[in-house]
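Colleague: Residue numbers (our numbering), protein chains in the order written: chain A, 2 to 555; chain B, 783 to 1412.
Read the hints as simulated data drawn from the structure, not as lab findings.
Remember, predicted model here, so these are calculated numbers, not experimental data.
Note that the Cβ used here is the ideal one computed from N, Cα and C, for glycine as well.
Each statement offered as a hint is correct.
In silico BS3-like links for lysine-lysine, alpha-carbon gap of 30 angstroms or less:
#1 B:K1134 to A:K476
#2 B:K969 to A:K77
#3 A:K539 to B:K946
Residues from chain A shown here face chain B by an in silico Cβ test under 10 angstroms; the list is partial:
#4 S12
#5 D383
#6 L541
#7 E543
#8 Q544
#9 G545
#10 Y546
#11 I550
#12 V552
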Amino acid sequence: MMQDTPLIVQSDKTLLLDVHHEQSEACRNDLVRFCELVKSPEHMHTYALSAISLWNASSCGVDASFILSRLDYWSKFPVPESVRFYIEDMATRWGKIVLSGSDDPSYYELWVESKRIWTELLNRQAIAKLLIVKDESRFLLESYNRGEIKLQLIKIGYPVDDRIPLNHGPLLPFTLRDTTLGGKPFFVRPYQKQAADALLGDLGPGSGFGTIVLPCGSGKTVVGMHIMERLSTKTLVVTTNVAAVHQWISEILDKTTLSKDQIGEYTGDKKENKEVIVCTYQVLTYRPDKEGPFPHLELLTKGNWGLIIYDEVHMLPAPVFKITAELQAVYRVGLTATLVREDGREDEVFSLVGPKRFDVPWNELQQQGFIAEAYCHEVRIDLPKEQEIPYAIGTKREKYRIASENKRKLEVVQALVDRHPDDFILIIGQYLDQLKNIANHFGLPIITGSTPNIKREELYRDFREGKQRILVVSKVANFAIDLPDASVAIQVSGTFGSRSEEAQRLGRILRPKNRSSFFYSVVTRYSSEEEFAANRQKFLAEQGYSYEIEVWDT
Amino acid sequence: MNERVQETFKTLLSRYSEDTYFYLARNYMGKLQSPFHKPQLTAKLCQLFNQDSMVQKMLSMLDSFDQVVLSLLATFGPLTVEQITSLLKGSFSYGNLLRRVGNLQERMILLSDAGRLVFNPLLEDQLLQYCSLRPLFGEEEHTCVEAPYCSTEFLRGFFSLVAKEGKCIYHESIANYFPTYEHDRLKEMYQALGEYLTEMDVVVRDARRCTLDWQKTEALLSLSDYQLLCLLLARNLEGTAPLEFVNALLSTLQTIGGCDTTALKLLIKGLCIRYQVTYSASLFNELSTWGVLTLDENWQVSAINGTQQRTALLIDSDQTISYQGDCPKGDILYRFSYLEVLDHQRKYHITKESVLGAFDSSLDYPQIKEYLETNSTRGMNTSLFKQLEMLSERYQNVTIYDGMVLSCDERTANLVHNLSSLSEHCLATLTPTIFIMRRDSEDAWRQVLKNAGQLIGATKSFDTIEILEKKEHPILRERIGRAETLKQCSTLPCKPKKTVEKMSLDESIRQAIAKADLSKAEREDLEHRFQNRTIFLHSQIVPQVLNPILEAGGFDYQGKVSLCKQAAGKKDILLELQLPDQELIVQALELAFTPQKEALLKAAVMPSMEVKILPVSKLFLIRLVRFHFA
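Next up, chain A with everything else stripped away, as it sits in the complex (with noise of 0.2 angstroms):
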């Protein structure tokens, strides 16, 4: 039996959808409700049910019935029978592990629904030695391991109805503008809006943390500031470099009633203590020698913070994660284009930070204009001749180096260049000895590692007053910098196959603008390179983006 609708529910919880059907978008409106988005490709867009999806619908109400009623209403095909046990079985999970206050303020409660799971915990080491018998359906927890519970409690099948509302940090009242500092009419975007909704929620028990997961050049700043605004609290921002905090407080400055008397800079160069400070994780995770503490930790933990923002929440480093674990207590939302980490380790982000609570696809924005269209190429060159003999002998990685630094990138940059005469023009590149002889050869400014903070800020100040059309950077501009105008990037050069620096870089040239972007990737043929490119496309290939392959003989 087939129904003419748009979903296809498949037995191993992935959820189908032909958003080619005129129902796509009110199936869509239903399935964030309760399932992830997985990939977002042209024609087929793949959710899908986890636990972690279905316990968060939960919370919010949505409840095993629900979910079933609309999967059934949307599905082409019978729902097997396998997700539909999976979803009664996960969703009635919830609520029968709660966490709440208890007489004692450094103690919190949890109690158990039934005498089995009570026994199942004792029974669990890693469990147990968190917990203190209060009696036969309930223990007392250490407040400081709000955080370490919840997360083996999720590793063994129990999520935690945790009832403690978070703590409202120290008020901290402001409002955003209707029209920026810089004379331009500013609002709050509708995604925004519902990314924003989605974290909060009632702010009661359940909500104020989470992941937002939006496109590069979609405004996560504003999101982050819309939430900022909502509670109005005392808030850190950690992002990923010097670069990105003062666009940051920029940003704050530009957009919000916020005075520079309430925005600090938490960073190697400054250290200061206001009502909202935007810090580095490389701050935080400094330490002056390899055994000793994180002296720049405390920041996070003593800072009475109403709020943590996770800026590139991808990035958050080993240290940070611990830390994060406690301070469950606190409101606090990731910002991530692209949750894909090289390592696996996203399933951790969405624990700790939170789980994932707010998701588009790329494809829908950029059709509505929120982001701009961008083309993706990918140029293949040969090897030069002489390079063919050190290329086949050389070790795995000397051959990708070789392919990188492959000379005949420089003609291709070169063409490209005049090819957008007027187009501003990022070339971001891994090796700084092909940055170099790029910046050289061209007469250009260069962005690297080692370029002072007020050096970096100066050329990207010129290039967004359009004082500097082309600018050559290292992987430090891969994150989190805002250069509106940027409408190319030449990528000369990655690190290897890392899908979430390829669709970071295409984010540069994602602001929306009054013309098309375009990416070009330029790798050398029948080399290592290839493969490593491949990989490292993937992950906008699965947000539809695809790339059109030119060889050029140079």
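Fit chain B to the supplied structure of chain A, relying on the hints for placement.
Modeller: Using the frame of chain A, we list chain B on its own:
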């Protein structure tokens, strides 16, 4: 009634022994005038069975047991009495079976054809209307369930995985590709398929890896799901017509939808007899392994759907290709892409390795391109084409013939000239880009080329590297050929067209017998035959005794001895013996007397034919059973 049918009837009767023939003729036509003229008598009998009133009377006296036996014969074809009793022994007692089957012969509903029972050809059409599957395989209604089985789509996926992994060993992650299949079942199916296809040289193993014989895979995939299952189920069967057996088995299962174990055994055993296939209990496992049956209290039959037309291919930017339905014959998708998931939406993924594998197996880029263009509707991914084209170009840059001739592009030639690790294997330079290499060190120089970043395909035309020697497998070829002709055959319906009414005897005949001027023996004989439903016309009430003594018991020692004498040495008559502690059905072999004149019956106990000697005085009751009419 057509002449052929009448002739068949006459022929069958003509083969009967005199004894049986006249027994039947007398029953239906009364006392016979001497001298006997058999053809005339047979013609009269034929006329009798042509009378509609006669036929209706006979049909009205059918009961549920008759229906079981009739359905059995309609399903499994002509059977001997022994075969019938053997098949139905779980449902009825042996003695009862013998009596009732004998009775059907007395009533001339069944006739013997060289020892096997067939429908009376004059009644066959009418009798068939009372036949159905339910009386044999359970009255409970079942419908086939949507459950996964070893379909051609599964087989495609299997081939794709073997090509990808270079082995056909089940491991846990295989389950991810087939999420609709229950794990244990999938493991069994996957392993069994691997074993069978290896045995048939479809999967070719060498020391390093498994490869596929693509001609054979194509041949297998030209079968429908139904035909494929027939082929797989028949793989270990021995006998005359294993494929036909499986065809009938599958067809019947598809009709009944489900049954219990007893019924399933009956079905398999009956069809084994019909198609002369050796019965094996492993068939239960086979049916379960290939997903035809699942045990859930009762056996549930998977619906073997006809091929569902495939939707257009959906080629997405992440190079996944997906569709619903079943690929048509000759489809090549599985040859150049790797299975991602087999579910409602079947998904394959194009990778560099999958395409190179396709090139190695002699598919080329134009074929793949044409296939994709023809089979997809929504906008084509030009980037994918470009990538495939370039891969093809790169693949063609280096060609190795017979493990010794290296024909390559300038770039590779440059390596041969300048890399000592390569040039040491070079015997001669024919042209700047064609070299004669050492065949005995092919592995070594191939590896050097690969390390240097070259894309090296399989050796062409010779068999030392990837392409292994192809073995013809005549059994497989022949079986595929035969399987291709199979299609689900029609079976009896689950419910009969006509149902048997509650059998009632014609009381007017009973009264006529009671009033008739008859001797005691004649009356008893007639009443007995009336009860046995062999008398249903007034014209049959004729003073005669067909069965002089039918039973004797208690203190009637002489009666018992006479009955034993009457039966001794006659193969068509059995005796039912009641002893104090048991009941036996025996064939009386001989009656002997002790010096004290005590009668001893030497008899073969049915159905084992174990010979026993029984003192007649110990037999509580002896009853004559005429069971075999030939």
